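Respectively, the protein sequence lines represent chains A and B. Following UniProt numbering, the numbering of the first sequence begins with 1 at its first residue and continues without gaps. Following UniProt numbering, the numbering of the second sequence begins with 1 at its first residue and continues without gaps.
Please note that the accuracy of each hint is not assured.
[Claimed, not checked] Here are some, though not all, of the chain A residues that point toward chain B, as calculated from beta-carbon distances under 10 Å:
no.: 1; residue: Asn31
no.: 2; residue: Gly32
no.: 3; residue: Glu35
no.: 4; residue: Tyr99
no.: 5; residue: Thr116
no.: 6; residue: Thr120
no.: 7; residue: Lys121
The hints are simulated quantities; they were obtained by calculation from the structure and are not laboratory data. These figures come from a predicted structure and were not determined experimentally. Backbone N, C-alpha and C fix where the C-beta goes; we use that ideal spot for every residue, glycine too.
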Amino acid sequence: MPTSTTGPATGLDINVYRGDTMERFIQIKRNGVEEQLSDHQFRMQVRSASVVIIELTTDPNGGITFEQTPGGVLALVIDAAKMSTLNPGTYQFDMQQTYAVTGKVKTRFRGTCTITDDVTKPLS
Amino acid sequence: MSFTVYTRDDDDLIEITLSSVPFTGSAKKAYWGWMSTPDMLVEAQIVVLQGSAEFAAGAKVVADFRSGNSQPMFLYMAERDTEPLKTVWYATSDDNGQIGPDQVFSVIGVVNGWRVYRSKSKTYFSTTTEFRIS
């Protein structure tokens, strides 16, 4: 079991297909118990160096919602129209959590986001 | 498909799992509403969304079709297409028999990850309707 001892968890890589709806679900457990996520704010940017490719947040229509579980699973969604505008490539991303009561900010995990080019393009 | 990575926060072991499908045991979600055209896939959107709910498997949901349903319309419901195709839609007696064995919802397609069910004919609902997803 590879365990990062400093900073965010690493190696949480996302592979998506350009033009397809992206939908991923993230659950965090602490010592085996599901963490309460739905009280807090989350923000995620996918970047190519200094260029932001896409940003997801828990703001209304921000692309991050909470699935109803005891802790609240993070649901990340990018619709197909937006996905069709992204250039294929391999990018970096991480996810910041802002704690509700204390305002503390912590980056929970990071990884690469690989977008594979599609063949069938949207109708023009 | 899912995979898990680990880290430590002080002395706590943090386990983070990323999945391409909803987690087993997580609540199901359904939408309901009505539309004036029989072909929602052409419209590629839900025409009028009346409500949505998340609930545990086997729970009952009450959909209120009364508001805005002033003339007979096709009714639709939608659930994630990652759910097994075993959804049971049924109605209680207060729908005047308009949903039942002869008026079941059938799958008409998938839109943006949602499996869409549509009533077989246009109906007018003057009451609330209860349904259950298994």
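Do the hints match the structure? See the list:
{"no.": "1", "hint": "Asn31", "verdict": "holds, 5 Å"}
{"no.": "2", "hint": "Gly32", "verdict": "holds, 7 Å"}
{"no.": "3", "hint": "Glu35", "verdict": "holds, 8 Å"}
{"no.": "4", "hint": "Tyr99", "verdict": "violated, 12 Å"}
{"no.": "5", "hint": "Thr116", "verdict": "violated, 14 Å"}
{"no.": "6", "hint": "Thr120", "verdict": "violated, 16 Å"}
{"no.": "7", "hint": "Lys121", "verdict": "violated, 16 Å"}
The structure fails to meet hints 4, 5, 6 and 7 from the earlier list, while all remaining hints are met.
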